[in-house]
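S.K.: Take a look at the letters that make up each chain.
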Amino acid sequence: MLYSTFYLGETKMAVPIPAILEIGRSFKFHSVRGSPEVIDGLINLRGKVVTVINSGMAFGGERVLSADDSRIFIFKNNSELREVADSDFEMETAPDNIGIHVDRIADVIRVEKEELQAVPSNMIHPFYKFVVRRDDSFIIILEPAKILNLNENEDLLS
Amino acid sequence: MSETKAIKFNIYNPIITYEHRAAYDMIVSHLQEIFPICNQGKCKALEVSDDPQKQKQINDLMEKVEFFSNSLITITKVFFDQLYRAKETSSQSISQSTAMIKIDMIERNLLERTCDVRWWALEKAFWQCITLANKQKASKTTDTTKAHGDLKNAVDLACTRLEDIRNSYTLYRDLVIVDLDGRVIANSNEERREEVLGMNVASEDWFQKALQTKDGTEYFVQDVSSSKLEGMESLIYSTALRADGDEQGKVIGAMGVLFDFQGESQIILNDYLPVSEAGETMDNWFSFFTNKAGRVICSSDESFIPSGELADLPRSHRNLKNSGETHVSTAAVCGNRSLIVSRKSEGFDEYKGLDWTSHLVLPESAMFARSLENEDYGISPQELMNSKLIPDTNKKTYQEIQRNKGDIQLISINGIILATDLGKAGTSFIPIFDQITTTGNSTTGKMEELLSEMSSDMLQQNLMALENFSKQAIDLIDRNLFERAADVRWWSTDHACWEALQSATDGNFEEAAKRLGIINASYTMYRDLVIADSNGRIVANSKSENRDKLKRMNVSEQSWFRQGMQISRSVQFGVQDVCNSELENEETSLIYCGGILENGQREGKVLGVLGIFFDWENLVSPILEGCLPRIKGKVVHGGAAFYVNDERKVIATTDHENFAIGQTVDLPNENLSLNAGESASGIFSANDKKYIIGSSKTQGYREYEGLGWTAHVVRPID
Numbered sequence: 000m001l002y003s004t005f006y007l008g009e010t011k012m013a014v015p016i017p018a019i020l021e022i023g024r025s026f027k028f029h030s031v032r033g034s035p036e037v038i039d040g041l042i043n044l045r046g047k048v049v050t051v052i053n054s055g056m057a058f059g060g061e062r063v064l065s066a067d068d069s070r071i072f073i074f075k076n077n078s079e080l081r082e083v084a085d086s087d088f089e090m091e092t093a094p095d096n097i098g099i100h101v102d103r104i105a106d107v108i109r110v111e112k113e114e115l116q117a118v119p120s121n122m123i124h125p126f127y128k129f130v131v132r133r134d135d136s137f138i139i140i141l142e143p144a145k146i147l148n149l150n151e152n153e154d155l156l157s
Numbered sequence: 000m001s002e003t004k005a006i007k008f009n010i011y012n013p014i015i016t017y018e019h020r021a022a023y024d025m026i027v028s029h030l031q032e033i034f035p036i037c038n039q040g041k042c043k044a045l046e047v048s049d050d051p052q053k054q055k056q057i058n059d060l061m062e063k064v065e066f067f068s069n070s071l072i073t074i075t076k077v078f079f080d081q082l083y084r085a086k087e088t089s090s091q092s093i094s095q096s097t098a099m100i101k102i103d104m105i106e107r108n109l110l111e112r113t114c115d116v117r118w119w120a121l122e123k124a125f126w127q128c129i130t131l132a133n134k135q136k137a138s139k140t141t142d143t144t145k146a147h148g149d150l151k152n153a154v155d156l157a158c159t160r161l162e163d164i165r166n167s168y169t170l171y172r173d174l175v176i177v178d179l180d181g182r183v184i185a186n187s188n189e190e191r192r193e194e195v196l197g198m199n200v201a202s203e204d205w206f207q208k209a210l211q212t213k214d215g216t217e218y219f220v221q222d223v224s225s226s227k228l229e230g231m232e233s234l235i236y237s238t239a240l241r242a243d244g245d246e247q248g249k250v251i252g253a254m255g256v257l258f259d260f261q262g263e264s265q266i267i268l269n270d271y272l273p274v275s276e277a278g279e280t281m282d283n284w285f286s287f288f289t290n291k292a293g294r295v296i297c298s299s300d301e302s303f304i305p306s307g308e309l310a311d312l313p314r315s316h317r318n319l320k321n322s323g324e325t326h327v328s329t330a331a332v333c334g335n336r337s338l339i340v341s342r343k344s345e346g347f348d349e350y351k352g353l354d355w356t357s358h359l360v361l362p363e364s365a366m367f368a369r370s371l372e373n374e375d376y377g378i379s380p381q382e383l384m385n386s387k388l389i390p391d392t393n394k395k396t397y398q399e400i401q402r403n404k405g406d407i408q409l410i411s412i413n414g415i416i417l418a419t420d421l422g423k424a425g426t427s428f429i430p431i432f433d434q435i436t437t438t439g440n441s442t443t444g445k446m447e448e449l450l451s452e453m454s455s456d457m458l459q460q461n462l463m464a465l466e467n468f469s470k471q472a473i474d475l476i477d478r479n480l481f482e483r484a485a486d487v488r489w490w491s492t493d494h495a496c497w498e499a500l501q502s503a504t505d506g507n508f509e510e511a512a513k514r515l516g517i518i519n520a521s522y523t524m525y526r527d528l529v530i531a532d533s534n535g536r537i538v539a540n541s542k543s544e545n546r547d548k549l550k551r552m553n554v555s556e557q558s559w560f561r562q563g564m565q566i567s568r569s570v571q572f573g574v575q576d577v578c579n580s581e582l583e584n585e586e587t588s589l590i591y592c593g594g595i596l597e598n599g600q601r602e603g604k605v606l607g608v609l610g611i612f613f614d615w616e617n618l619v620s621p622i623l624e625g626c627l628p629r630i631k632g633k634v635v636h637g638g639a640a641f642y643v644n645d646e647r648k649v650i651a652t653t654d655h656e657n658f659a660i661g662q663t664v665d666l667p668n669e670n671l672s673l674n675a676g677e678s679a680s681g682i683f684s685a686n687d688k689k690y691i692i693g694s695s696k697t698q699g700y701r702e703y704e705g706l707g708w709t710a711h712v713v714r715p716i717d
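Chains as they are written, first to last, in numbering that gives the first Met the number 0: chain E, 0 to 157; chain P, 0 to 717.
One chain only, chain E, in its complex shape (with noise of 0.2 Å):
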């Protein structure tokens, strides 16, 4: 499967290609009183809807701000990412259009299902799904339905 990859910091993230609607730059945030740190904003996306959510502050760390090189990873929503032609896999994302708004995107890497490595043991967290090594260094996978679904998780949200 192709993944588009970003960086936090220095760590590369990767999330599954199908998974994502569309990748864009300098949207209109538009703040909502009374939503969580977590969340940047909405934006409009040719007519939709979309919550963003801020990549640094969803991982404890350092708000991620707009700048040149700033994007933002729009999700399809569950029924979208059904429509999805020929699909044989099984993911979910959220039942609305979310966004994450990443400091930087890279490449694009195709994985293969027997490089998936599962997340070492004290490296667990929520958003990890699996580990590839890709050279000497190591490209987180995300699950796009954790991060996404927040309301799940409320410490991030308080």
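Treat the hints as calculated values from the structure; they're not laboratory data.
Careful: at least some of the hints might be erroneous.
[What the hints assert, rightly or not] When the alpha-carbon atoms are kept at most 20 Å apart in a straight line, the in silico SDA-like pairs for lysine to any residue are as follows: (1) P:Lys53 <-> E:Arg45; (2) E:Lys112 <-> P:Lys423; (3) P:Lys351 <-> P:Asp214; (4) P:Lys53 <-> E:Gly23; (5) P:Lys53 <-> E:Leu44; (6) P:Lys423 <-> E:Met0; (7) P:Lys423 <-> E:Glu79; (8) E:Lys11 <-> E:Glu89; (9) P:Lys604 <-> P:Leu618; (10) P:Lys404 <-> E:Ala105; (11) P:Lys55 <-> E:Arg45; (12) P:Lys63 <-> E:Lys112; (13) P:Lys395 <-> E:Ser25; (14) E:Lys11 <-> P:Gln571; (15) P:Lys423 <-> E:Glu89; (16) E:Lys11 <-> P:Leu409; (17) P:Lys404 <-> E:Glu89; (18) E:Lys27 <-> P:Lys631; (19) P:Lys404 <-> E:Thr4; (20) P:Lys689 <-> P:Met463; (21) P:Lys423 <-> E:Arg109; (22) P:Lys151 <-> P:Glu162; (23) E:Lys27 <-> P:Leu409; (24) P:Lys395 <-> E:Ala66; (25) P:Lys631 <-> P:Asp214; (26) P:Lys445 <-> E:Asp106; (27) P:Lys55 <-> P:Cys37; (28) P:Lys689 <-> P:Ala503; (29) P:Lys291 <-> P:Asn321; (30) P:Lys445 <-> E:Leu7; (31) P:Lys63 <-> E:Phe26; (32) P:Lys394 <-> P:Thr73; (33) P:Lys63 <-> E:Leu44.
Since this is a predicted model, take the numbers as computed values, not measurements.
Once you've looked at the hints, dock chain P against the given chain E.
M.R.: Then chain P, alone, in the frame of chain E:
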């Protein structure tokens, strides 16, 4: 694009280096390859999906890619244009300042010569000698052996004094005194004496104009031309000799001094020209001066640009009209395409100059050559790119390239997302988008590489400019202090000095003080001149307002006095480095000294010391100010120039806040541990700022050996 200037860049221009032509070809051909790929993508969209919305999405993406590729092709041209413009501008700016430095150096020197000739004409031995010669000629009846003997003695003394001048000031080929008929009575050059004495120069311009001077403040300078006095072309300064050495007195003769213009110019012209490992000036680099008529008067390469000939330059370079005017152009010189920079003299201080022009010629290719030095200055390419050294317009291009690179990457990934949504049918798009990403990365990567090259070249050129400024700063002070060293040696032999010490009477002290007063009034760079007797007691000084204070002082423990008392020959002098002096209540004092010898002889018993106190700040500030880094004539914000002594302490500065006097500045070791005459540059941090720096260590000048000082010129880059 913010770039509004017309693009001059043309890949076929011979100045474009092979490497850049290859890089340009690579970038443009790769970007051109994207268009058929996009067409392929548009066709595939029709093949793999019947959904018009999907087809449109893919078409839109392909068009966006085409748009950004086109935009990158345009930016590439702009970028190369900027790359070459930046190098051209920077190179021209350095060449202009070099041409200016050269004419400035010679002008400053010529100003000193005008002071010299006026002062020497007041010497007792000269006017006495001419008075006797005139007298003897006028009264033929008193043509006695005694009168002959008196005149011979006077001529001998005049020759001796002229020799003393020539020994103290080693810049002259000869000095002559001439009676009203134009007959040479005495000269300084012993080797030519037999030939020169008795020679009649009445027809020469310098002699006639000297007789026409109104008073002792006037002088005449005869531009480089031939004279009977010597075989080579001469630059002659002249003024009238007046009765009783009185500035307003009746004209009784003339004095002419023949400046070693060619020797001095050769030093200046050969400076700042790049040399090969064998120490030879690099091919096709020339530096020369032309006179008002556009004829070469001295050249760094007499074989190609011979003196006396009309300069092989476009007319516009030979006919500069206004003083201080600069003209820059490219043309063929000696068969080679060259950058020519011409700078017309603007004189210096009261010296109006002779309308000379300084020309610097360098191969056009040298402007664009890559710097051979690849030193690691501990600054990242990114940091350098964002520094103040890089013009804003280049930074904008860099940002634009980055943005386009990001856009192409984004389009590719979104294309892959779209292709994935099409399932198996969409997989044929993946290689298309992969190729777009690869091309986008390789072309923008190459451009980043070139930008990094440009910023590193800009750094090198700026470092070179600062090195040149620091060299200018140390050269100017060395040359100035050489003149002062010559002054003090000569003045120490003045009759008023040794007479006051040999016969210590109030009248003689008064006479000496008067004489020192006249000297000080002729110059602007001295605070005071004092005579101390062998016990260190000050017996006379030039400024009457200091007299009472100085009379109470004893200087026997002071370094300048002790150095002076060791002197036994008139060609020697001593100097007390810049320090805090009680004598003057000044933080920075520089004191020169000469030994006053018995009977004013060249060698003998020392009777006391002549000390001259510099108005250090006044002397040094204009020099340092003139060596500050500038962009389009304006001093770079935060730029500073300063001298440090051999204890690494600042002794003069233009920036009293960041590089204050007395402060030990923490500079890179390479900039502090220079050998005499060496220059270096680098990057260092101080006062929470990052600076680039150029430094040059004194190599002295002629008899002045230098005091181990180093000049530093800095500018902040962040």
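S.K.: Compare the structure with each hint and give your call.
M.R.: Hint check results:
no.	hint	in the structure
1	P:Lys53 <-> E:Arg45	15 Å, holds
2	E:Lys112 <-> P:Lys423	18 Å, holds
3	P:Lys351 <-> P:Asp214	19 Å, holds
4	P:Lys53 <-> E:Gly23	18 Å, holds
5	P:Lys53 <-> E:Leu44	17 Å, holds
6	P:Lys423 <-> E:Met0	12 Å, holds
7	P:Lys423 <-> E:Glu79	17 Å, holds
8	E:Lys11 <-> E:Glu89	24 Å, violated
9	P:Lys604 <-> P:Leu618	33 Å, violated
10	P:Lys404 <-> E:Ala105	12 Å, holds
11	P:Lys55 <-> E:Arg45	15 Å, holds
12	P:Lys63 <-> E:Lys112	34 Å, violated
13	P:Lys395 <-> E:Ser25	19 Å, holds
14	E:Lys11 <-> P:Gln571	75 Å, violated
15	P:Lys423 <-> E:Glu89	16 Å, holds
16	E:Lys11 <-> P:Leu409	17 Å, holds
17	P:Lys404 <-> E:Glu89	34 Å, violated
18	E:Lys27 <-> P:Lys631	42 Å, violated
19	P:Lys404 <-> E:Thr4	16 Å, holds
20	P:Lys689 <-> P:Met463	17 Å, holds
21	P:Lys423 <-> E:Arg109	15 Å, holds
22	P:Lys151 <-> P:Glu162	16 Å, holds
23	E:Lys27 <-> P:Leu409	18 Å, holds
24	P:Lys395 <-> E:Ala66	16 Å, holds
25	P:Lys631 <-> P:Asp214	42 Å, violated
26	P:Lys445 <-> E:Asp106	18 Å, holds
27	P:Lys55 <-> P:Cys37	13 Å, holds
28	P:Lys689 <-> P:Ala503	60 Å, violated
29	P:Lys291 <-> P:Asn321	11 Å, holds
30	P:Lys445 <-> E:Leu7	27 Å, violated
31	P:Lys63 <-> E:Phe26	18 Å, holds
32	P:Lys394 <-> P:Thr73	16 Å, holds
33	P:Lys63 <-> E:Leu44	18 Å, holds
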